[in-house]
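Peer 1: For this one, chain A is given, so just place chain B on it according to the hints.
2 protein chains.
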Amino acid sequence: MERHLDEELEHLNQELLKMGAYAEEAIYKSVEALKSRDKAMAQGVIDGDSRIDQLELTIDEKCIDLIARYQPMAKDLRFITTGIKINAELERIADIAVDIAQRTLEIVDKPLLKPLVNIPRLATIAQKMIKMAIDSFVNGDSELARKVLLSDSEVDNLRNVIQKALVEDYMVKDSSTAPRAVQLLLIARFLERICDHTTNIAEDVVYMVRAEVVRHHPEKLK
Amino acid sequence: MERHLDEELEHLNQELLKMGAYAEEAIYKSVEALKSRDKAMAQGVIDGDSRIDQLELTIDEKCIDLIARYQPMAKDLRFITTGIKINAELERIADIAVDIAQRTLEIVDKPLLKPLVNIPRLATIAQKMIKMAIDSFVNGDSELARKVLLSDSEVDNLRNVIQKALVEDYMVKDSSTAPRAVQLLLIARFLERICDHTTNIAEDVVYMVRAEVVRHHPEKLK
Numbered sequence: 344m345e346r347h348l349d350e351e352l353e354h355l356n357q358e359l360l361k362m363g364a365y366a367e368e369a370i371y372k373s374v375e376a377l378k379s380r381d382k383a384m385a386q387g388v389i390d391g392d393s394r395i396d397q398l399e400l401t402i403d404e405k406c407i408d409l410i411a412r413y414q415p416m417a418k419d420l421r422f423i424t425t426g427i428k429i430n431a432e433l434e435r436i437a438d439i440a441v442d443i444a445q446r447t448l449e450i451v452d453k454p455l456l457k458p459l460v461n462i463p464r465l466a467t468i469a470q471k472m473i474k475m476a477i478d479s480f481v482n483g484d485s486e487l488a489r490k491v492l493l494s495d496s497e498v499d500n501l502r503n504v505i506q507k508a509l510v511e512d513y514m515v516k517d518s519s520t521a522p523r524a525v526q527l528l529l530i531a532r533f534l535e536r537i538c539d540h541t542t543n544i545a546e547d548v549v550y551m552v553r554a555e556v557v558r559h560h561p562e563k564l565k
Numbered sequence: 344m345e346r347h348l349d350e351e352l353e354h355l356n357q358e359l360l361k362m363g364a365y366a367e368e369a370i371y372k373s374v375e376a377l378k379s380r381d382k383a384m385a386q387g388v389i390d391g392d393s394r395i396d397q398l399e400l401t402i403d404e405k406c407i408d409l410i411a412r413y414q415p416m417a418k419d420l421r422f423i424t425t426g427i428k429i430n431a432e433l434e435r436i437a438d439i440a441v442d443i444a445q446r447t448l449e450i451v452d453k454p455l456l457k458p459l460v461n462i463p464r465l466a467t468i469a470q471k472m473i474k475m476a477i478d479s480f481v482n483g484d485s486e487l488a489r490k491v492l493l494s495d496s497e498v499d500n501l502r503n504v505i506q507k508a509l510v511e512d513y514m515v516k517d518s519s520t521a522p523r524a525v526q527l528l529l530i531a532r533f534l535e536r537i538c539d540h541t542t543n544i545a546e547d548v549v550y551m552v553r554a555e556v557v558r559h560h561p562e563k564l565k
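Just so you know, the sequences run in chain order A and B. Here the first sequence is numbered in the numbering used here, starting from 344 and rising by one per residue. Here the second sequence is numbered in the numbering used here, starting from 344 and rising by one per residue.
Just so you know, not all the hints are guaranteed correct.
No copy labels: a pair is met if it fits in one copy or bridges any two.
[Stated by the list, open to error] In silico DMTMM-like links for lysine to aspartate or glutamate, alpha-carbon gap of 25 Å or less:
1) 457 x 442
2) 453 x 499
3) 457 x 399
4) 457 x 535
5) 378 x 497
6) 382 x 350
7) 490 x 442
8) 507 x 442
9) 474 x 419
10) 490 x 358
11) 516 x 358
12) 418 x 381
13) 382 x 349
14) 453 x 408
15) 490 x 396
16) 471 x 408
Source of the hints: derived by calculation from the structure; they are not laboratory data.
Looking at chain A on its own, in the form it has when it is part of the complex (with noise of 0.2 Å):
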């Protein structure tokens, strides 16, 4: 039984790991469909959106059914709890996406505001937080989801800089600008929330990880 648990465990991983590629796939053809004016690929993203949430509910089913069946202590417990956490997370980034293409769908028949550089930019670090993030949970590895948290401080700065070019340079200047420059500010906002969605991933791990040292190690603690 104990081996069958860590197949199953084993299997878990790579559902999650498949729900994390998903949801950064999202992220990058909104963003992308954004850059390349592509309606048909903001679609996409939006059609695509329910076999995230069936994916959700599967990995959720399969949480709760590890724990009834196996009833796991300890570590594999708190590895269970924490994957249903994350797959929330997950599920949510996606949600996002699809808010990034429905705001493309929005502008995308307008003139582009000005060529788009630091919102790619964003959505490659929010991508690549993902990545580490479920990395981290799938090999217990608390110091690359510390490396997540600290993507945190750059996510807000560049959305920051973002912000201030779009209210400052286009807003104040040329008020007509104001219902595109909008869009892309709450563009931004939106991949600012995926990168905290992420940071909650990985806070999830760093938690799971120090309760576990803690349970059983205590001189780890020192």
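Peer 2: Structure of chain B alone, referenced to chain A:
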């Protein structure tokens, strides 16, 4: 042992109700501070967040401990794992109240752009939704949870009204209002996000109740 778990679950309910009350209070105070230009109140929301973070950890530990000690099956297990997710959502909601308080501190020294009507209205809806969502969990009341889900379109409409007014009546007409209008727009978005988290809670409750119905009373699905 059975009765003991019931008592523990009742205690978990009380803790989650307390968490919900804290979150509601943080939202109320963050928007009240904005309305009444009260810096101390805004700062109080920011300072009070550590209390909510601490309660989140306590509840999370409690849930894992209950699973480990009682190895609950089916209904009780699903109740506890749903509690873990709801607890996380409430902590995020309180974090967003902190975001609102921070925006408030940024604009509190500048002249009020306009009398605030719809933003406080949105905050009131958010508070009601939280209360209903937690009550629906505590009572396993999926009908009440569905009512929370129905509020979502009201929230979206109100947020659209707020955003449209800020962009069209302020930013576009007088570009010098843009920096303040953007802050109000972000606050409206933060409140919408709080409602999204509350919707997540209600969806979790519907799912919790339905999964139970499906497992034990398949005839109810017809």
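Peer 1: Could you run down the list of hints and mark each one as holding or not?
Peer 2: For each hint, the structure was consulted:
1. 457 x 442: So residue 457 and residue 442 pass the 25 Å test inside one copy only (21 Å; across, 28 Å).
2. 453 x 499: Between. Shortest inter-copy distance 24 Å satisfies the 25 Å Cα cut-off; intra-copy 28 Å does not.
3. 457 x 399: neither (37 Å within a copy, 43 Å between copies)
4. 457 x 535: within (20 Å within a copy, 28 Å between copies)
5. 378 x 497: So residue 378 and residue 497 pass the 25 Å test inside one copy only (22 Å; across, 32 Å).
6. 382 x 350: neither (42 Å within a copy, 55 Å between copies)
7. 490 x 442: Classified as between: cross-chain Cα gap 23 Å, same-chain 27 Å, threshold 25 Å.
8. 507 x 442: Classified as both; 22 Å inside a copy, 17 Å across copies.
9. 474 x 419: within (22 Å within a copy, 34 Å between copies)
10. 490 x 358: Answer is within; shortest intra-copy Cα gap is 23 Å, inter-copy 32 Å.
11. 516 x 358: Classified as neither: same-chain Cα gap 49 Å, cross-chain 51 Å, threshold 25 Å.
12. 418 x 381: neither (46 Å within a copy, 46 Å between copies)
13. 382 x 349: neither (44 Å within a copy, 53 Å between copies)
14. 453 x 408: neither (49 Å within a copy, 55 Å between copies)
15. 490 x 396: For residue 490 and residue 396, only the inter-copy Cα distance (21 Å) is at most 25 Å; the intra-copy one is 28 Å.
16. 471 x 408: neither (31 Å within a copy, 33 Å between copies)
Taken one by one, the earlier hints fail for this structure at numbers 3, 6, 11, 12, 13, 14, 16, listed in ascending order.
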